[in-house]
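All chains should be built: construct the whole structure from the sequences, respecting the hints.
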Amino acid sequence: MNPSGNSFPLDLKPFARLIVNADDFGISKAINNGIVKAHCNGIVTTTSLMAVGRAFDHAVALCRAFPALDVGVHLTLVAEKPLLKQKTSLAGKDGYFPPDISMLLKLLLNQRIQLPEIQAEWSAQIERILNCGIRVTHLDSHQHLHALPGIAGLAIGLARRYHIPFVRIPMEDRLVARPITSHGLVRMTGSMALRAGCLVARLNRRRVPGCQSPRFLGFHEGGRLNPESLERILRALKPGRVYELMCHPGLTPEEPYIRRWNYGHQIELDALAGPSVQSLLIARNIRLCSFADLSDMPAALKHYPILGSDGK
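Everything in the sequence shown is counted per numbering that gives the first Met the number 0, starting at 0 for the first residue and increasing by one.
Any given hint could turn out to be false.
Said to hold, decoys possible - Only pairs whose alpha carbons sit at most 25 Å apart, straight line, appear in this in silico DSS-like list of lysine-lysine:
| id | residue 1 | residue 2 |
| --- | --- | --- |
| 1 | LYS105 | LYS92 |
| 2 | LYS92 | LYS80 |
| 3 | LYS84 | LYS105 |
| 4 | LYS86 | LYS28 |
| 5 | LYS86 | LYS105 |
| 6 | LYS80 | LYS105 |
To be verified - Taking CB as the label site, the calculated pair distances span:
| id | residue 1 | residue 2 | range |
| --- | --- | --- | --- |
| 7 | ASP93 | TRP260 | 19 to 29 Å |
| 8 | ASP295 | TRP260 | 33 to 43 Å |
| 9 | TYR95 | GLU253 | 17 to 27 Å |
| 10 | MET296 | PHE65 | 20 to 30 Å |
| 11 | TRP260 | ARG173 | 22 to 32 Å |
| 12 | LEU82 | ARG111 | 12 to 22 Å |
| 13 | GLN113 | ASN225 | 12 to 22 Å |
| 14 | PRO255 | ARG173 | 42 to 52 Å |
| 15 | ASN284 | ASP93 | 48 to 58 Å |
| 16 | PRO148 | GLU254 | 24 to 34 Å |
| 17 | ASN261 | TYR95 | 20 to 30 Å |
| 18 | SER88 | ASN225 | 36 to 46 Å |
| 19 | GLY132 | ASN109 | 21 to 31 Å |
| 20 | GLY94 | HIS162 | 27 to 37 Å |
The hints are simulated quantities; they were obtained by calculation from the structure and are not laboratory data. Glycine residues also receive a C-beta, built at the ideal position from the N, C-alpha and C atoms.
Structural data, given as structure tokens:
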């Protein structure tokens with residue numbers, strides 16, 4: 000099992016804390032099994048569970064089998080079926096959400112999706128997970144939809160209603176120097192769009208009372224986190240801060256709609272469970288932790304300047 004740093008000893012030497020959060024838990028059994036492998040044999044401390052995922056029940060069983068795996072809600076509005084069964088603007092004639100973010104944005108811009116229905120659906124997704132007896136420590140979303148202007152406030156309001164202390168603010172921290180690649184340029188463009196969306200939505204670590212967010216990393220590598228890029232990230236972490244590294248480990252999924260993403264799930268799993276990762280954490284004085292660990296910190300340590308505000 001990975002070291003989670005539950006006791007947070009007051010070391011004289013400063014250290015960085017790292018939450019390694021695996022997205023898409025519940026989307027397929029192959030992804031679920033890969034995430035658990037990355038937790039048991041690697042450095043994943045946390046996962047985000049899709050209440051509408053097609054392998055949700057399988058994921059819940061794994062949560063019970065591996066209780067040290069911290070769990071949050073991966074709010075979803077694309078590609079899956081809504082939980083709410085009554086007629087809704089969120090679903091097409093086939094009963095599914097819009098297939099991707101571009102179609103969702105088009106419907107939102109044309110005011111063909113009702114925001115109260117998003118709020119009701121997301122509330123149902125959170126409650127489905129809570130009703131399984133799972134402690135929910137954080138909120139984020141599939142394809143970062145909760146950061147969209149007009150929708151972000153719904154996610155923050157739900158976090159407050161359900162007493163969920165952490166909400167992902169997907170403004171990629173700029174501390175990592177990366178080589179220029181075609182994939183990197185595409186992700187860089189997406190990162191800039193996300194940053195702009197967060198700013199328009201006023202999603203900022205200082206401007207969301209009652210919710211917190213560690214410094215965010217991993218969007219640039221989305222679906223392509225390999226040993227080299229993981230090492231580059233770990234070497235860039237600064238002492239005295241908490242970071243969330245988003246990742247997508249998994250076994251190779253069979254579902255065509257997931258395979259179309261062209262994500263290297265197995266590559267990410269191998270990187271996160273690689274033989275040199277633990278030694279690098281020790282060498283760089285990085286402590287693995289989870290959102291639950293941060294929530295359970297003694298009050299005296301909560302004043303430690305861990306959560307950033309400027310993405311620098």
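We went through each hint and held it up to the structure:
Simply put, LYS105 and LYS92 have alpha-carbon atoms about 17 Å apart, close enough for the 25 Å limit, and the pair holds. A threshold of 25 Å between alpha carbons decides the hint, and for LYS92 with LYS80 the separation of about 11 Å falls inside it, so the pair holds. The straight-line distance between the Cα atoms of LYS84 and LYS105 is roughly 23 Å, inside the 25 Å bound, and the hint therefore holds. With a C-alpha separation of about 29 Å, the suggested pair LYS86 and LYS28 falls outside the 25 Å cut-off, and the hint is violated.
Restraint check: the Cα-Cα separation between LYS86 and LYS105 comes to about 20 Å, which is no more than 25 Å; the hinted pair holds. Proximity of LYS80 to LYS105 is assessed by CA-CA distance (about 19 Å); at most 25 Å being required, the pair is judged to hold. Between ASP93 and TRP260 the C-beta distance comes to about 20 Å, which sits within the given range of 19 to 29 Å. For the pair ASP295 and TRP260, the beta carbons lie near 34 Å from each other, so the given range of 33 to 43 Å is met.
The hint said 17 to 27 Å for the Cβ distance between TYR95 and GLU253, and at roughly 19 Å that hint holds. With their beta carbons about 23 Å apart, MET296 and PHE65 fall inside the hinted range of 20 to 30 Å. With their beta carbons about 25 Å apart, TRP260 and ARG173 fall inside the hinted range of 22 to 32 Å. Between LEU82 and ARG111 the Cβ separation comes to about 20 Å, which falls inside the hinted range of 12 to 22 Å.
Take GLN113 and ASN225: their Cβ atoms lie about 42 Å apart, and the range 12 to 22 Å is violated. Distance hint check: the CB atoms of PRO255 and ARG173 are about 36 Å apart, inconsistent with the given range 42 to 52 Å. Between ASN284 and ASP93 the beta carbon distance is about 51 Å. The supplied range of 48 to 58 Å therefore holds. Hint check: PRO148 to GLU254, Cβ distance near 31 Å, so the stated range 24 to 34 Å holds.
A C-beta distance of roughly 21 Å is found between ASN261 and TYR95, which places it inside the suggested range of 20 to 30 Å. A beta carbon spacing of about 40 Å between SER88 and ASN225 agrees with the range 36 to 46 Å that was offered as a hint. Separated by about 40 Å at the C-beta atoms, GLY132 and ASN109 break the suggested range of 21 to 31 Å. For GLY94 and HIS162, the hinted distance range of 27 to 37 Å is satisfied, since their beta carbons lie about 32 Å from each other.
The structure fails to meet hints 4, 13, 14, 19 from the earlier list, while all remaining hints are met.
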